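There are 2 protein chains.
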Amino acid sequence: MNKPTTPKGMRDFSPDEMAGRDYIFNTIKKWFLRFGFQPIETPAMELLSVLTGKYGEEGDKLLYKVLNSGDFMQNAINEGIDFSNSRQLTTFIAEKGLKYDLTVPFARFVVEHFNELVFPFKRYQIQPVWRADRPQKGRYREFYQCDADVIGSDSLLYEYELITLVNYIFNDLGVETITKLNHRKLLFGITEILNITDRFIDFTVIIDKLDKIGNENVCNELATLGISNENIEIFRKIIEYKSSSSIDKLNFIAGLLSHSEQGIIGISELREVIGYCNSAGLTQNIEIDLSLARGLNYYTGTIIEVKAKDLSMGSICGGGRYDDLTGVFGMPGMSGIGISFGADRIYDVIKSLNKFPETVGSSSQVMFVNFGKDETNSILAFAEQLRKKGISTEIYPDAHKMKKQLSYAADKKIAFVILAGKNELESGKFALKNMNTSEQQLLSFDEIVQLLSTSTKAYE
Amino acid sequence: MNKPTTPKGMRDFSPDEMAGRDYIFNTIKKWFLRFGFQPIETPAMELLSVLTGKYGEEGDKLLYKVLNSGDFMQNAINEGIDFSNSRQLTTFIAEKGLKYDLTVPFARFVVEHFNELVFPFKRYQIQPVWRADRPQKGRYREFYQCDADVIGSDSLLYEYELITLVNYIFNDLGVETITKLNHRKLLFGITEILNITDRFIDFTVIIDKLDKIGNENVCNELATLGISNENIEIFRKIIEYKSSSSIDKLNFIAGLLSHSEQGIIGISELREVIGYCNSAGLTQNIEIDLSLARGLNYYTGTIIEVKAKDLSMGSICGGGRYDDLTGVFGMPGMSGIGISFGADRIYDVIKSLNKFPETVGSSSQVMFVNFGKDETNSILAFAEQLRKKGISTEIYPDAHKMKKQLSYAADKKIAFVILAGKNELESGKFALKNMNTSEQQLLSFDEIVQLLSTSTKAYE
Numbered sequence: 001m002n003k004p005t006t007p008k009g010m011r012d013f014s015p016d017e018m019a020g021r022d023y024i025f026n027t028i029k030k031w032f033l034r035f036g037f038q039p040i041e042t043p044a045m046e047l048l049s050v051l052t053g054k055y056g057e058e059g060d061k062l063l064y065k066v067l068n069s070g071d072f073m074q075n076a077i078n079e080g081i082d083f084s085n086s087r088q089l090t091t092f093i094a095e096k097g098l099k100y101d102l103t104v105p106f107a108r109f110v111v112e113h114f115n116e117l118v119f120p121f122k123r124y125q126i127q128p129v130w131r132a133d134r135p136q137k138g139r140y141r142e143f144y145q146c147d148a149d150v151i152g153s154d155s156l157l158y159e160y161e162l163i164t165l166v167n168y169i170f171n172d173l174g175v176e177t178i179t180k181l182n183h184r185k186l187l188f189g190i191t192e193i194l195n196i197t198d199r200f201i202d203f204t205v206i207i208d209k210l211d212k213i214g215n216e217n218v219c220n221e222l223a224t225l226g227i228s229n230e231n232i233e234i235f236r237k238i239i240e241y242k243s244s245s246s247i248d249k250l251n252f253i254a255g256l257l258s259h260s261e262q263g264i265i266g267i268s269e270l271r272e273v274i275g276y277c278n279s280a281g282l283t284q285n286i287e288i289d290l291s292l293a294r295g296l297n298y299y300t301g302t303i304i305e306v307k308a309k310d311l312s313m314g315s316i317c318g319g320g321r322y323d324d325l326t327g328v329f330g331m332p333g334m335s336g337i338g339i340s341f342g343a344d345r346i347y348d349v350i351k352s353l354n355k356f357p358e359t360v361g362s363s364s365q366v367m368f369v370n371f372g373k374d375e376t377n378s379i380l381a382f383a384e385q386l387r388k389k390g391i392s393t394e395i396y397p398d399a400h401k402m403k404k405q406l407s408y409a410a411d412k413k414i415a416f417v418i419l420a421g422k423n424e425l426e427s428g429k430f431a432l433k434n435m436n437t438s439e440q441q442l443l444s445f446d447e448i449v450q451l452l453s454t455s456t457k458a459y460e
Numbered sequence: 001m002n003k004p005t006t007p008k009g010m011r012d013f014s015p016d017e018m019a020g021r022d023y024i025f026n027t028i029k030k031w032f033l034r035f036g037f038q039p040i041e042t043p044a045m046e047l048l049s050v051l052t053g054k055y056g057e058e059g060d061k062l063l064y065k066v067l068n069s070g071d072f073m074q075n076a077i078n079e080g081i082d083f084s085n086s087r088q089l090t091t092f093i094a095e096k097g098l099k100y101d102l103t104v105p106f107a108r109f110v111v112e113h114f115n116e117l118v119f120p121f122k123r124y125q126i127q128p129v130w131r132a133d134r135p136q137k138g139r140y141r142e143f144y145q146c147d148a149d150v151i152g153s154d155s156l157l158y159e160y161e162l163i164t165l166v167n168y169i170f171n172d173l174g175v176e177t178i179t180k181l182n183h184r185k186l187l188f189g190i191t192e193i194l195n196i197t198d199r200f201i202d203f204t205v206i207i208d209k210l211d212k213i214g215n216e217n218v219c220n221e222l223a224t225l226g227i228s229n230e231n232i233e234i235f236r237k238i239i240e241y242k243s244s245s246s247i248d249k250l251n252f253i254a255g256l257l258s259h260s261e262q263g264i265i266g267i268s269e270l271r272e273v274i275g276y277c278n279s280a281g282l283t284q285n286i287e288i289d290l291s292l293a294r295g296l297n298y299y300t301g302t303i304i305e306v307k308a309k310d311l312s313m314g315s316i317c318g319g320g321r322y323d324d325l326t327g328v329f330g331m332p333g334m335s336g337i338g339i340s341f342g343a344d345r346i347y348d349v350i351k352s353l354n355k356f357p358e359t360v361g362s363s364s365q366v367m368f369v370n371f372g373k374d375e376t377n378s379i380l381a382f383a384e385q386l387r388k389k390g391i392s393t394e395i396y397p398d399a400h401k402m403k404k405q406l407s408y409a410a411d412k413k414i415a416f417v418i419l420a421g422k423n424e425l426e427s428g429k430f431a432l433k434n435m436n437t438s439e440q441q442l443l444s445f446d447e448i449v450q451l452l453s454t455s456t457k458a459y460e
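In the order they appear, the protein sequences are chains Z and A. Each residue of the first sequence is one higher than the one before, counting from 1 in the working numbering. Each residue of the second sequence is one higher than the one before, counting from 1 in the working numbering.
Warning: the hint list may mix true and false statements.
[As the list claims (entries may be wrong)] Coverage of chain Z stretches by chain A, computed from C-beta distances (three or more under 8 Å per stretch; other residues unrestricted): (1) 256-267; (2) 423-435.
[Stated by the list, open to error] PhoX-like cross-link-like pairs, simulated, lysine-lysine; straight-line CA separation at most 20 Å: (3) Z:Lys412 with A:Lys389; (4) A:Lys54 with Z:Lys29; (5) Z:Lys3 with A:Lys212; (6) Z:Lys30 with A:Lys30; (7) A:Lys54 with Z:Lys30; (8) Z:Lys29 with A:Lys389.
[To be verified] Sample of chain Z residues lacking proximity to chain A, with all beta carbon distances greater than 10 Å (derived): (9) Leu33; (10) Leu62; (11) Gln74; (12) Gln145; (13) Val150; (14) Glu305; (15) Met313; (16) Asp411.
Bear in mind the hints are in silico, worked out from the structure with no lab data behind them. A quick note: this is a predicted structure, and the numbers were derived from the prediction, not measured. Quick reminder that beta carbons are idealized off the backbone N, C-alpha and C, glycines included.
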């Protein structure tokens, strides 16, 4: 028999990986809650009528479709359709799909539960999503998204809140970041002065590549949109403008966009957001980036992208304001703003910076050596006292040779071992062995509790 | 447009439900860790070659199958198969399925990662599973399982550990339970004296219904297996034997099974397990139930079932020892024991007993009223100080009428509201309104921090 494996592009997580991931998720969750975001969950599956058409033609192809149960072909046979056309057949044999992101299910949630919700509704959601993408380094077919959104308000305070939230989370995780801000209306203003408002989407797609292909290539691509050389030079001036001050950058672009109604709105909104950040004392690690575009076209206001400083990795967090999340489900005019944290990239960043705290792990703190049934019966009550005090405790399962028992503890990275044989039990002093230093001391049980409670983490 | 909905049998979880569920999962997780169980996760999808044939014919029908990507019919066309045979076609157009439980993926995990693991391997896993079952009250097509297993040891200490673990968890959750124990070898011994060892599985299936159909009907069904009237009376004596002492029950059944090799092993193992429990002072809420069978046929040793006291609900937790979890993947002889907690039933039990602590919730603790942009800029630094102290804080997004702002806070069950208008900001004393009592007091910011830190939960 062949060794069984996970499907291509999908992963098991080992205890070590889980400990790191839990640390990240718990940190993100803690700050979500502190900002008043409340958790929801939606099913892994959605009806394909909910998912299809929301992610473009490419996205539709990447949706995992779930076969209808039972005699699923009966329906297709009754309709007399062409079985060899996989795409057409799909709609007859699969009515459900796996969720592709958390945004569309959230929009469905808001519409379905509209009457039960209080608006503005601040929700967070941490769940896996699935994409039948070509797997490659850092890209998986199943991965977690951690999203926070506020829906039902156009207040710019929420832009400020999300920027602040991002800052707290990465600060807590020990990752230095740059948060880049721009505004889709400001970008639209730029297309006005470049005379290509009708090519706005193409424009955003091209400038999104700045990091990858550089200024020169972007300018060349823009020329293909039919921009005059003179205007290309204006664009070049914009992306080459350097200042460490967000206010300077906004003043500079305001000079260029003074006749663009949209551009003026965008600049004014960014000024208000930057103003809130300054009032709260949040001035570091935030910058206006006039070339930031964000791929997703449902963004209509402020856009946000976060990168780890000093690491050439893509963005680890991003989001923005949208005007019409639920319009596609018949409920227009719901404005909102959201942010999404990429757990896999954040894990890789923390790992490569070696920033996981030493306490992050899932190993037991202490193990009792097994000296036989009589001794085991005598130590059980002690083991339970440790567990009740939040100290993760194992008892080696059999009275194997000492060497084997200690090597189990070492392999499992258990910090301490307690030796409580017949003599120790009689004397009331147990031997506590520190597995890192191999030091061993004779201690009363109370002294052991004291030492373990202070020297290692407790699960509270 | 029709209102979009979740697929049949699948659920959204609201913030209130999530708060209760997180409380349950976190309690279970805490105790799993304290017993040295380490977390793993496996993908939602497994290859159908891994899943198929592991859950019986009925189980295979309940597996959700995921359509292959791209032109999935090409394969079936090339093979020239009959398209109208849905079942046959499935194997050509779907190579993956959604996981049906956590046990089979765990077995696959152990075989795939055998060389990276330290045995005995204690793992826990909390993830959703999917079954295309007919939905009914309390039965869903997507639900979470919380499993803890030890694999690679036949030590009966692990039986003791799982029983103790169960006890701690339900104690912590405020649910009084009865943990029932039996042993598959003891049951086999009973079939020996009833002369129906060749009908062992049928026997376990019938006695599994005792709770539902009662002693008389079970005896009638057993008669159809060809048991003599005399032996039916012996069986009746067994299930009607009453004693509050587990030792008494084991002595009683030992008298009947004195010639059954298997029965003697089962009784001796249960004696050892009960002995450990007694040594640890765990004597309450545990009983031997000679009629407990557990539906799953891979159990070979001790079986465990937990019910809530005083509630006529099915079991909320169950498990047992198995001899050969990974044999089906070419790795025989791996003994282990596992326990599974049913999150949905536990939620219903705690809800119906009204045992969720008052602190369980995801609402913000405090909201700043919005008096306009100037005041907002002035209160931001205060809001951030609260958040940094672990106090969940919102700022109302717009300078709407006071009534509207307060009713948002009330609807969201936010406990306190801070009014910091122009006067309050100048005087340095803010008005703190208790939303439950409508009491309002003028306090310095430090006093507010003090009051909020002690009167409500903080997110640490």
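Evaluated hints:
With a threshold of 8 Å between beta carbons, the proposed coverage of the stretch 256-267 of chain Z by chain A is violated, since 0 of its residues qualify and at least three are required. For the stretch 423-435 of chain Z, the proposed coverage by chain A is not satisfied: 0 residues have a C-beta within less than 8 Å of a C-beta in that chain, short of the threshold of three. The suggested pairing of lysine 412 (chain Z) with lysine 389 (chain A) is violated, with an alpha-carbon distance near 35 Å, which exceeds 20 Å. A distance of roughly 37 Å separates the Cα atoms of lysine 54 (chain A) and lysine 29 (chain Z); the hinted pair therefore is violated under the 20 Å criterion.
Of the supplied pair hints, the one linking lysine 3 (chain Z) and lysine 212 (chain A) is violated, its CA atoms being roughly 42 Å apart against a limit of 20 Å. Pair hint lysine 30 (chain Z) plus lysine 30 (chain A) holds up; C-alpha atoms about 17 Å apart against a cutoff of 20 Å. A distance of roughly 40 Å separates the Cα atoms of lysine 54 (chain A) and lysine 30 (chain Z); the hinted pair therefore is violated under the 20 Å criterion. Of the pairs offered as hints, the one joining lysine 29 (chain Z) and lysine 389 (chain A) holds, with about 15 Å between alpha carbons and a cut-off of 20 Å not exceeded.
With a cut of 10 Å on Cβ distances, leucine 33 (chain Z) falls inside the contact zone with chain A, its closest approach being about 5 Å. Once the 10 Å rule is applied to beta carbons, leucine 62 (chain Z) is inconsistent with being away from chain A; the minimum gap is 8 Å. For glutamine 74 (chain Z), the condition that its CB be more than 10 Å from all CB atoms of chain A is violated, with the nearest at approximately 7 Å. With a closest Cβ-Cβ approach of about 14 Å to chain A, glutamine 145 (chain Z) is found to remain outside the 10 Å limit, as its non-interface label requires.
For valine 150 (chain Z), the shortest C-beta to C-beta distance to chain A comes to about 8 Å, within the 10 Å cut-off, and the non-interface label is violated. The claim that glutamate 305 (chain Z) lies off the interface holds: its Cβ sits roughly 22 Å from the closest Cβ of chain A, which is beyond the 10 Å cut-off. The beta carbon of methionine 313 (chain Z) is kept farther than 10 Å from every beta carbon of chain A, the shortest such distance being approximately 23 Å. With a least CB separation of 4 Å from chain A, aspartate 411 (chain Z) falls inside the 10 Å interface cut-off, contrary to its annotation.
Consistency note: the structure conflicts with the earlier hints numbered 1, 2, 3, 4, 5, 7, 9, 10, 11, 13, 16.
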